[in-house]
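If you read the sequences in order, they're chains A and B.
Numbering (our numbering) for the first sequence: 21 to 135.
Numbering (our numbering) for the second sequence: 7 to 116.
With a straight-line Cα cutoff of 30 Å, these simulated DSS-like cross-link-like pairs (lysine-lysine) come out:
(1) K85(B) / K127(A)
(2) K86(B) / K127(A)
(3) K86(B) / K122(A)
Away from chain A, derived, C-beta distances all over 10 Å, residues of chain B:
(4) P14
(5) Q19
(6) Q68
(7) A72
(8) P75
(9) D91
Chain B is nowhere near these chain A residues, computed Cβ spacing over 10 Å in every case:
(10) E35
(11) D44
(12) G80
(13) F82
(14) V98
Quick caveat, the hints were computed from the structure, so don't treat them as lab data.
Yeah, the Cβ is synthetic: ideal placement off N, Cα and C, and Gly gets one too.
Here are the chains, one letter per residue:
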Amino acid sequence: DQQVKQNSPSLSVQEGRISILNCDYTNSMFDYFLWYKKYPAEGPTFLISISSIKDKNEDGRFTVFLNKSAKHLSLHIVPSQPGDSAVYFCAASGNSGGSNYKLTFGKGTLLTVNP
Amino acid sequence: SQTIHQWPATLVQPVGSPLSLECTVEGTSNPNLYWYRQAAGRGLQLLFYSVGIGQISSEVPQNLSASRPQDRQFILSSKKLLLSDSGFYLCAWRGHYEQYFGPGTRLTVT
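Could you build the full structure based on these sequences and the hints that come with them?
Here it is in C-alpha cells:
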C-alpha cells in the first residue's frame with residue numbers, strides 16, 4: 021500500500037518557466053511533509069518542508085503548497101533552471117514529535133529543465 | 007557541522023557472498039540513523055532505523071540485518087546476498103524534522 025504517491029514519473033519544462041511537481045498521500049496521520057532533490061549516484065538533498073498546520077512555505081525559488089482536505093501537496097520552482105534537472109522525492113511523516121521518527125517516500129518525479 | 011560518510015562507494019559482489027556496508031556520522035551525538043535502499047526505477051525504501059546504540063528496528067523482512075555498535079556508526083550486513091539485493095543503499099541521520107543523507111553505496115550482485 022503506497023501511502024505517498026507521485027503519479028508523474030517525469031516532467032519536462034523550459035528554462036525560466038514554472039515547474040510544478042505533485043504529490044498525494046493517503047495517511048491522514050501524516051503531519052510533516054518534505055521535498056528532496058536527487059542527482060544520479062548521489063544521496064538526496066533536503067529542499068523544503070511544511071508542517072500540516074500551514075498551507076504554504078516559501079524558500080527562494082521553491083514554494084511548497086499543502087491542501088490537507090485533498091491530501092495533496094505540490095512543489096513550485098520559479099523560475100526553473102537547467103541545474104534543477106533531477107529526481108524530486110516527496111516524503112511524509114506521521115510522528116514528527118516522536119523518537120521513532122521516520123519518513124515515507126514517494127517514487128519520485130524526474131524533472132528535466134530544457135535550456 | 008554534521009557530516010555523514012558511507013563506504014564503499016561502489017561494490018560488486020557475487021550471489022551468496024556476505025555484505026558489510028558502513029555509515030558514520032560526525033558532528034552530532036546520539037542521532038537517529040536510517041538505512042534506505044533505492045532499487046532501479048523505484049523510490050526510497052526504509053530498511054532499518056536506530057534510535058540508539060544496539061537499538062534496531064526493521065521495516066522490511068529480508069535477508070539483511072543492521073547493527074549499531076557505536077553512537078555514530080551504523081552497519082548494514084548480509085550473510086548471503088541475493089540478486090534482488092542490488093540497489094543504491096543510503097544512510098541518513100535525523101536533524102530536527104528532516105533527514106540528511108550520505109553519498110550512498112551502489113551495490114551490484116552478480
